[in-house]
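Novice: Spelled out, the chains give:
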Amino acid sequence: MGGHESPIQSPFQLAFRRLVRNRGAVAGALLLSLMTLACVLLPLLLKLDPSHTQPVLRNLPPSSQFWFGTDGLGRDLFVRVLVGGRTSLLVGLASTAVSVLVGVSYGAVAGFYGGKVDEAMMRLVDFMYGLPYMFLVILIMLMFSEKARGDMLPVFLALGLVQWLTMARIVRGQVLTLRRQEFVLAAELLGASDARILVRHVLPNVIGVIVVYATLMVPSVIILESFLSFLGLGVALSWGQLVSDGVAVINPVRSYWWLLVWPSVFLGLTLLSLNFIGDGLRDALDPKART
Amino acid sequence: MSEPSAKDALHVRDLSVSFVTRERSVRAVDGVSFDIEPGEVVGLVGESGCGKSVTSLSILGLHEKSAGRVTGSIKLGEQELLGLPHSQLRKIRGNRVSMIFQDPQTSLNPYLRVEEQLGEVLELHLGMQGARARQRMLEMLKQVGIPGEERLRAYPHQLSGGMRQRVCIAMALLCSPQVLIADEPTTMLDVTIQSQILDLLGGLRKDRGMSILFISHDLGVVAELCDRVIVMYAGRIVETGRSAELLEQPLHPYTEALLKSTPRVELKGGGELHPIGGLPPRLTGEKLTECAFAARCPRVRQGCRDGEPALQSAAPGRLRRCIVPVTDMLVPP
Amino acid sequence: MSEALTLLLGLALLAATAWCPPRLTRLLGCLLFGLVLGVLLRFSLGAAVGVLGGLIGAGVAYRIFPLLVLRRVVFLVPALVLLIFATTLLMYKAPGNPFANERATSPQVEAALRAQYGVPKNANQFFAIYMRRLLVEGTLGPSIKVQGRTVEELIAPAFPVSLSLGLLALTLSVIFGLTLGVLAGLKRNSAADYLSMGLALIGISLPSFVIGAVLMIVFSLWLGWLPVAGWGSYRHLIMPAFALSLPSAAVIARLSRSGIIEVMQQDFVRTARAKGLPESWVIGRHALRGAIIPVVSYLGPAAAAIMTGSFVVEVLFAVPGMGQWFVKGAINRDYSVVLGTAIVYFGLVIVFNLLVDLAYAWLDPRVREERA
Numbered sequence: 010m011g012g013h014e015s016p017i018q019s020p021f022q023l024a025f026r027r028l029v030r031n032r033g034a035v036a037g038a039l040l041l042s043l044m045t046l047a048c049v050l051l052p053l054l055l056k057l058d059p060s061h062t063q064p065v066l067r068n069l070p071p072s073s074q075f076w077f078g079t080d081g082l083g084r085d086l087f088v089r090v091l092v093g094g095r096t097s098l099l100v101g102l103a104s105t106a107v108s109v110l111v112g113v114s115y116g117a118v119a120g121f122y123g124g125k126v127d128e129a130m131m132r133l134v135d136f137m138y139g140l141p142y143m144f145l146v147i148l149i150m151l152m153f154s155e156k157a158r159g160d161m162l163p164v165f166l167a168l169g170l171v172q173w174l175t176m177a178r179i180v181r182g183q184v185l186t187l188r189r190q191e192f193v194l195a196a197e198l199l200g201a202s203d204a205r206i207l208v209r210h211v212l213p214n215v216i217g218v219i220v221v222y223a224t225l226m227v228p229s230v231i232i233l234e235s236f237l238s239f240l241g242l243g244v245a246l247s248w249g250q251l252v253s254d255g256v257a258v259i260n261p262v263r264s265y266w267w268l269l270v271w272p273s274v275f276l277g278l279t280l281l282s283l284n285f286i287g288d289g290l291r292d293a294l295d296p297k298a299r300t
Numbered sequence: 123m124s125e126p127s128a129k130d131a132l133h134v135r136d137l138s139v140s141f142v143t144r145e146r147s148v149r150a151v152d153g154v155s156f157d158i159e160p161g162e163v164v165g166l167v168g169e170s171g172c173g174k175s176v177t178s179l180s181i182l183g184l185h186e187k188s189a190g191r192v193t194g195s196i197k198l199g200e201q202e203l204l205g206l207p208h209s210q211l212r213k214i215r216g217n218r219v220s221m222i223f224q225d226p227q228t229s230l231n232p233y234l235r236v237e238e239q240l241g242e243v244l245e246l247h248l249g250m251q252g253a254r255a256r257q258r259m260l261e262m263l264k265q266v267g268i269p270g271e272e273r274l275r276a277y278p279h280q281l282s283g284g285m286r287q288r289v290c291i292a293m294a295l296l297c298s299p300q301v302l303i304a305d306e307p308t309t310m311l312d313v314t315i316q317s318q319i320l321d322l323l324g325g326l327r328k329d330r331g332m333s334i335l336f337i338s339h340d341l342g343v344v345a346e347l348c349d350r351v352i353v354m355y356a357g358r359i360v361e362t363g364r365s366a367e368l369l370e371q372p373l374h375p376y377t378e379a380l381l382k383s384t385p386r387v388e389l390k391g392g393g394e395l396h397p398i399g400g401l402p403p404r405l406t407g408e409k410l411t412e413c414a415f416a417a418r419c420p421r422v423r424q425g426c427r428d429g430e431p432a433l434q435s436a437a438p439g440r441l442r443r444c445i446v447p448v449t450d451m452l453v454p455p
Numbered sequence: 007m008s009e010a011l012t013l014l015l016g017l018a019l020l021a022a023t024a025w026c027p028p029r030l031t032r033l034l035g036c037l038l039f040g041l042v043l044g045v046l047l048r049f050s051l052g053a054a055v056g057v058l059g060g061l062i063g064a065g066v067a068y069r070i071f072p073l074l075v076l077r078r079v080v081f082l083v084p085a086l087v088l089l090i091f092a093t094t095l096l097m098y099k100a101p102g103n104p105f106a107n108e109r110a111t112s113p114q115v116e117a118a119l120r121a122q123y124g125v126p127k128n129a130n131q132f133f134a135i136y137m138r139r140l141l142v143e144g145t146l147g148p149s150i151k152v153q154g155r156t157v158e159e160l161i162a163p164a165f166p167v168s169l170s171l172g173l174l175a176l177t178l179s180v181i182f183g184l185t186l187g188v189l190a191g192l193k194r195n196s197a198a199d200y201l202s203m204g205l206a207l208i209g210i211s212l213p214s215f216v217i218g219a220v221l222m223i224v225f226s227l228w229l230g231w232l233p234v235a236g237w238g239s240y241r242h243l244i245m246p247a248f249a250l251s252l253p254s255a256a257v258i259a260r261l262s263r264s265g266i267i268e269v270m271q272q273d274f275v276r277t278a279r280a281k282g283l284p285e286s287w288v289i290g291r292h293a294l295r296g297a298i299i300p301v302v303s304y305l306g307p308a309a310a311a312i313m314t315g316s317f318v319v320e321v322l323f324a325v326p327g328m329g330q331w332f333v334k335g336a337i338n339r340d341y342s343v344v345l346g347t348a349i350v351y352f353g354l355v356i357v358f359n360l361l362v363d364l365a366y367a368w369l370d371p372r373v374r375e376e377r378a
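In order, the protein sequence lines correspond to chains A, B and C. Letter 66 of the first sequence, counting from 1, is numbered 75 in our numbering, and no numbers are missing. Letter 202 of the second sequence, counting from 1, is numbered 324 in our numbering, and no numbers are missing. Letter 275 of the third sequence, counting from 1, is numbered 281 in our numbering, and no numbers are missing.
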């Protein structure tokens, strides 16, 4: 009789166990890894070239020779989907990294110093939150499109700057609450500098939330990139580009369904996986919020 | 205010409530039986987790539906409440049996005005609306000590804690119920407000001949208001009796320990606090093989671990679940 | 360099409005409101009505508007101006200019053209000219590429198109999202729940043009029920609106689901049941409001998302909305057109967010006093 005894586990370990129990998240993680490996390695290993045109073989439906069929210039769609995946995934990753960097810094500072500083900083965020930020992104891409062919950096930056607001808000909220907790006060009393408190005491507690929302941001960025590609502002071959090509040839007479279906499926599955993983992470890290 | 018609007693027999979750099953209430006569105030006392709240919630079927299983009998007069279909049960709720809860801040809907929340009850049970309803609400608010039109139009967050609880009480009494279940109504309030609310409840009970089931972990509060006291531990009743007698001379070691652990203002500087060491037992579905309190009991002896004692009468109107002889109880352990 | 400085100054000023005392806020707020109202009226009804309307508007605002609203106005109007400035800067910084083609054969011709259209080489100067033209003359300026037309003449027919599409999409997303989400939340872990959330997941995992393309294929090419693209009848509205609304509907569904689940666990819901209320009252009168509130907070971003999506959907379904003017203007470096569309978009967003703020205050009485 008496209380419970169990081996002591850190919150992260407990969270990890919960995550692993979530079948959707695990499936998503597997699928995502497979997809990434395929897109990155297969073209390298098999020496595939996405721009190899064979006009005589254009618009062929899927066959044993061309698994996904060919497009209007006779290019192998399978190869193009794989290589396009590299771009889409890379954009997702890099842009989210930018968002996280900017957002976390901004939010941490606002939440940490609180008061009027926080109020002023958050007003700007509140305002920008409702903006069709994408508007400015499109403008940037439109303006710089000639110069930017093949140059990915502006894309990362532009897209990254769209999402940082959410991250800033969330981090700020967390930091604000944590700031008032006693262990932070204790650190202050011991004479720790602001920076040290921030990095060693506050941030480790915020990491969980950051990871969750970063994972959930990647799909949004990939979708935004696909928008840009669809509007013809894409910088490199990506899934969005391929879908846009597929949509362009929709006509009632001949259906080139494979041009639309394959890239869409890959795109959809990737995003689905990311969402599952993100949801799983969120449930794992905050089971009280579980619904 | 309506004339009290023939009042019904509340009879609880052999009430057991179990919760079954993925990991385990817990028997929160085990074979609890008691009566509340019309006009009586009965206190239900025990520490957190002893099952007193669950008991009170099951009377109106407000317990956690998804995992709970309730067996036994709960009768209001001749009518069996347990197993009653929802459509009939809700006619009793707020009407013949009302309930107020611990936290007045979260018990009221923050988005609706007081008059809307009070009005619902009148509209639903008494078919009252418009001016008549307003009249009734104002009267009721006056009776609970917060008169004035502006209270009706107020939102809960505009009222103080004590006022909110009074609103809850008013809401519960609008239809002149026969039984009021009060689940720790003063725990979240200041001491000064506490006594006001207790006075209020005492007065209302007298005026209306209503019975009250008063749940609390605070013996001092219970002493003030209640005629009889039921002490619960680990989901079962361990002692009952008239409150004055029971608090003056407890006949169960747990009640005794509870009394001793209550900090008193009279303790001169240097007086020690006497907490009850250890934790309550885990309540799985199996039968207990020993007295539930044995592990923490200062009077534990041979025989306590041989099996769970039965609830027996130790004196007129006194029941207890303990094998320690009454004479022993009169002396310190 | 001076441009960057101006921008920073503007940002600082904007942030500084946080420190504005109530009296000043009220005064500034109603003046700015009057100004905006005046400019708007001037557009449609002429100078006299504009001035009069502006003055009356300012007076009304002074007396009636709650401080909450005026504080927002004090922030938002300068913000709008700052946005216009930022957009101008962007355009000027980008390579190319409106006159870099065969028409401008010599510097003198180019200078003359620049003077004629009011497009100097310096961004600050252009901004000054533009604002003066907007406030004093009440026009968005001449289009540089489309001869003899002002920007408002070009945009005016496109505006209602985009607006109706956007509003319809927003309404659809709220209706579908709320219904689906609340039902799913009330019947947790049931088949309906999994189905709804599955749909929601798909909604956020596919870009709206993919959804639109699928709709197009199924409903136009295969079933022939709806026209493939274009504009004209209500039937042209259906697919684009649907495609636009789905991603936001999905988010709203998820939000309202968790919202209703959380609310149902609140104490006051238990109190409602203890009062003997039928379940329909418990949900309808008590729980629902709490579940709607997170959705209302999301409406601002939802509107922005729909605006973003509209670019793509308008292209896909060949809808003659403002999106095409924006894109064309940017490609052609037609500064006035770009700014004109930008003002409309930003203005819409600002107004919308203000309305959402008000709705939020109305829904949650606790907020009303905090802000006041």
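The reader is advised that the hints may include incorrect statements.
Claimed, not checked - Computed spacing ranges between beta-carbons, pair by pair:
id : chain 1 : residue 1 : chain 2 : residue 2 : range
1  : A       : Asn68     : C       : Lys151    : 50 to 56 Å
2  : A       : Glu128    : C       : Ser8      : 28 to 34 Å
3  : C       : Leu169    : A       : Lys125    : 49 to 55 Å
Said to hold, decoys possible - Think about it this way: if two alpha-carbon atoms lie no more than 27 Å apart in a straight line, the pair counts; the simulated DSS-like pairs of lysine-lysine are:
id : chain 1 : residue 1 : chain 2 : residue 2
4  : C       : Lys99     : C       : Lys334
5  : B       : Lys382    : B       : Lys213
6  : B       : Lys264    : B       : Lys187
7  : C       : Lys151    : C       : Lys127
8  : B       : Lys213    : C       : Lys334
9  : C       : Lys151    : B       : Lys187
Keep in mind the hints are simulated off the structure, nothing from the lab. C-beta atoms are modelled at their ideal positions from N, C-alpha and C, and glycine is treated no differently.
Novice: Take the C-alpha atoms of Lys99 (chain C) and Lys334 (chain C), compute the straight-line distance between them, and say whether it is at most 27 Å.
Specialist: It holds: about 18 Å lies between the C-alpha atoms, which stays within 27 Å.
Novice: Given the hint of 28 to 34 Å, is the C-beta distance from Glu128 (chain A) to Ser8 (chain C) inside that range or not?
Specialist: Holds, since Glu128 (chain A) and Ser8 (chain C) (Cβ atoms, about 29 Å apart) stay within the stated range.
Novice: Is 50 to 56 Å right for how far apart the beta carbons of Asn68 (chain A) and Lys151 (chain C) are?
Specialist: Violated, at about 36 Å.
Novice: Given the range 49 to 55 Å, decide if the beta-carbon distance of Leu169 (chain C) to Lys125 (chain A) lies inside it.
Specialist: Since Leu169 (chain C) and Lys125 (chain A) have Cβ atoms about 38 Å apart, the given range 49 to 55 Å is violated.
Novice: Starting from Lys264 (chain B), check that the Cα of Lys187 (chain B) is at most 27 Å away, please.
Specialist: Answer violated: Lys264 (chain B) to Lys187 (chain B) is near 36 Å, above 27 Å.
Novice: So if I understand the rule, the pair passes when the alpha-carbon distance is 27 Å or less; does Lys151 (chain C) with Lys127 (chain C) pass?
Specialist: holds, 17 Å
Novice: Just to be careful, I want the Cα atoms of Lys151 (chain C) and Lys187 (chain B) compared with a cutoff of 27 Å; is the pair within it?
Specialist: Distance ~70 Å between Lys151 (chain C) and Lys187 (chain B) Cα, so the pair is violated.
Novice: Keeping to a limit of 27 Å between CA atoms, is the pair of Lys382 (chain B) and Lys213 (chain B) held or broken?
Specialist: Violated - the C-alpha atoms of Lys213 (chain B) and Lys382 (chain B) are around 43 Å apart, more than 27 Å.
Novice: What's the verdict on Lys213 (chain B) and Lys334 (chain C), does the C-alpha distance respect the 27 Å limit or exceed it?
Specialist: violated, 67 Å
Checked against the numbered hints listed earlier, the structure breaks hints 1, 3, 5, 6, 8 and 9; every other hint is satisfied.
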